[in-house]
Amino acid sequence: MKRNPMGSRVADGLGLAYVGAVYVFLLLPIVIIVLMSLNAGEFLTFPPQGISLRWFGTLFANEAFMRAIGTSLKIAAIATVCSTVIGVTGALYVVRYSTRFREGLRMLLMLPLMLPEILTAIALLFFLYASGIGTKTMFGLVIGHVLVTLPYVFTNVASTLYNQDASLEQAARSLGASPLRAFVRVTLPLIKSGIITGALFAFVISFDLFNMSLLLKGIGMTTLPLQLFDYLRWDFDPTAAAVSTVSILLTLAVVIVIDRTVGLRSLRFG
Amino acid sequence: MSAAVMPVPGSVAAPQRRPQPLSRRAFWLIVPALLLIGVFLVLPYLNIVSMSLRPPAVGAPYGQGFTLGNYATQLTDSYLLGVLGDTLLLGLTTVPICLLLGYPVAFHLARTKSRWGSLLYVLVLSPLLVGVVVRSFGWLILLSGNGVINRTLIDIGLIETGLQLMNNRLGVTIALVHVFLPFMILPLVGVIQAIDPTLEQAARSLGASRLKVFWRLILPLSWPGIQAGTILVFVLTLSAYVTPVMLGGAQVKTMSVLVVQNLIDNFQWPVGAAQALVLAFCGMAAVFVYARISGLFTKGIQ
Chain B
943 MKRNPMGSRV
953 ADGLGLAYVG
963 AVYVFLLLPI
973 VIIVLMSLNA
983 GEFLTFPPQG
993 ISLRWFGTLF
1003 ANEAFMRAIG
1013 TSLKIAAIAT
1023 VCSTVIGVTG
1033 ALYVVRYSTR
1043 FREGLRMLLM
1053 LPLMLPEILT
1063 AIALLFFLYA
1073 SGIGTKTMFG
1083 LVIGHVLVTL
1093 PYVFTNVAST
1103 LYNQDASLEQ
1113 AARSLGASPL
1123 RAFVRVTLPL
1133 IKSGIITGAL
1143 FAFVISFDLF
1153 NMSLLLKGIG
1163 MTTLPLQLFD
1173 YLRWDFDPTA
1183 AAVSTVSILL
1193 TLAVVIVIDR
1203 TVGLRSLRFG
Chain A
124 MSAAVMPVPG
134 SVAAPQRRPQ
144 PLSRRAFWLI
154 VPALLLIGVF
164 LVLPYLNIVS
174 MSLRPPAVGA
184 PYGQGFTLGN
194 YATQLTDSYL
204 LGVLGDTLLL
214 GLTTVPICLL
224 LGYPVAFHLA
234 RTKSRWGSLL
244 YVLVLSPLLV
254 GVVVRSFGWL
264 ILLSGNGVIN
274 RTLIDIGLIE
284 TGLQLMNNRL
294 GVTIALVHVF
304 LPFMILPLVG
314 VIQAIDPTLE
324 QAARSLGASR
334 LKVFWRLILP
344 LSWPGIQAGT
354 ILVFVLTLSA
364 YVTPVMLGGA
374 QVKTMSVLVV
384 QNLIDNFQWP
394 VGAAQALVLA
404 FCGMAAVFVY
414 ARISGLFTKG
424 IQ
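Taken in sequence, the protein lines are chains B and A. Using our numbering, the first residue of the first sequence is number 943, and each one after it goes up by one. Using our numbering, the first residue of the second sequence is number 124, and each one after it goes up by one.
No lab work stands behind these hints: they were computed from the structure. The reader is advised that the hints may include incorrect statements.
[As the list claims (entries may be wrong)] Covered stretches of chain B, as calculated for chain A (at least 3 residues, CB under 8 angstroms):
no., region
1, 972-982
2, 991-999
3, 1006-1016
4, 1117-1128
5, 1184-1190
Just so it is clear, CB atoms sit at the ideal spot from N, CA and C, and this is done for glycine as well.
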């Protein structure tokens, strides 16, 4: 019956060291990129030869990268608005009104997350051509981004809706509020956190989406991940690290906003 | 029965039944989602099957009529079968590594009371939120011939010449594990958090060793999370494109790389469609077999 406290402390220490090593592994490539982007030298050398922001200067002078960042921001903004509207209304229906088909509908809205993104992109590419829509406009690209981001909005909003008492809305209704008024004045403020988290999550995911953009981009159109991917085929210099750092900083900003407004633990995943 | 069904368990069914028309009017709420998924997901997936049955053509995406030739080629050509096997093997190596690295982290994250808990959660999430191209680029810097790891090892005198860390399966596997590890950890955290810690304490106070508590209690209870995580990582690995291209070079060809090559470079849509579907089918078959086996396993340990 007697336990060995010494041995268990050693086991604890080993366990913590192992877990710590995995955390380091997770962070390593991201830290390395940021360090490399601050390198004053000509090449991606380690350790960095002095610290400088010169590669960010090169990046801001690089028209192709700046245009790609603009396109990525635009598409992410449009896709986020669309998937937020569709995700919120969908979650409202599934959680509050659906009766017989609730589980089926939930599965349907989560479907894009469960299917391999590249297969969905291929299917969508063929479909755009078969239906005559083609890839001359941004339409197909935006649809692809909305599909991928929808499950993240849906699951975040649905889980906050489940945690809210539906009788609050019913109380407002029984006191004479119209359905729209009851929703805007009662339900919306209650599920605000889920909507914010879902929308921010959708924005970051869309900004970094690769496979969809690779197959569905129009001619002459490029997004930041595509531009970076192309750039790395020919060049291997700290400009690439600088543009990656910009994308990492964007993610960090979103994570901080989520943490400050609703707390990171409220983030729903799948 | 009707619209009065509550999602919240504690709430008592409302005495005055909501009038039916409201829930019928509410149906419009789900219409945008149904349209989006119906038209731009379900129809395209049906369409891809018909595309895979088209004969290839020159100068056009596909020819007239229908054929099974694309499937026949994929399933008889030894090179193509080799690529398919390599892709499945990549999935079969990435999944157990992700599980071995991810499970302790998930357990730590689920049980930690440290005020850094939130920060550690971000750390696990961060690779998920930073794009796959950026993360693979990070590994490129670390693993390349003149990269950070080789430089460091040479500088401290452990090796004389650089190790071949990328443009091979090793590099691809390392980067894939990094890219998909969050998808293993996050489902596990949820499941482990739901296991009541007092169960563990009870087992311990009754004299069970730590190992026994883990094997008899924690592992069976966290099995749904393990299942979700492993399936997710397996499917994601099979369809990964960016990482194999960036870290595998010409040496590591996976099915996704081949498919994209057929679609974009060679303009051979029917061939690409058939290959993508064969890969998807193999993935689903593997998941099905796994779910059966692991179902038997849980029955065995409970």
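Structure-based check of all given hints:
1. Using a Cβ-Cβ cut-off of 8 angstroms, 4 residues of the region 972-982 of chain B lie near chain A, which meets the minimum of three, so the contact claim holds.
2. Counting residues of the region 991-999 of chain B whose beta carbon lies closer than 8 angstroms to any beta carbon of chain A gives 0, which falls short of the minimum of three for the stated coverage.
3. Coverage of a stretch by a chain is defined here by at least three residues with a beta carbon nearer than 8 angstroms to that chain's beta carbons; for the region 1006-1016 of chain B and chain A the count is 0, and the condition is violated.
4. With 1 residues having a beta carbon nearer than 8 angstroms to a beta carbon of chain A, the region 1117-1128 of chain B misses the requirement of three or more and the stated coverage is violated.
5. Taking a C-beta to C-beta cut-off of 8 angstroms, the region 1184-1190 of chain B contributes 3 residues in contact with chain A, enough for the three needed, and the coverage statement holds.
Checked against the numbered hints given earlier, the structure breaks hints 2, 3, 4 and satisfies all the rest.
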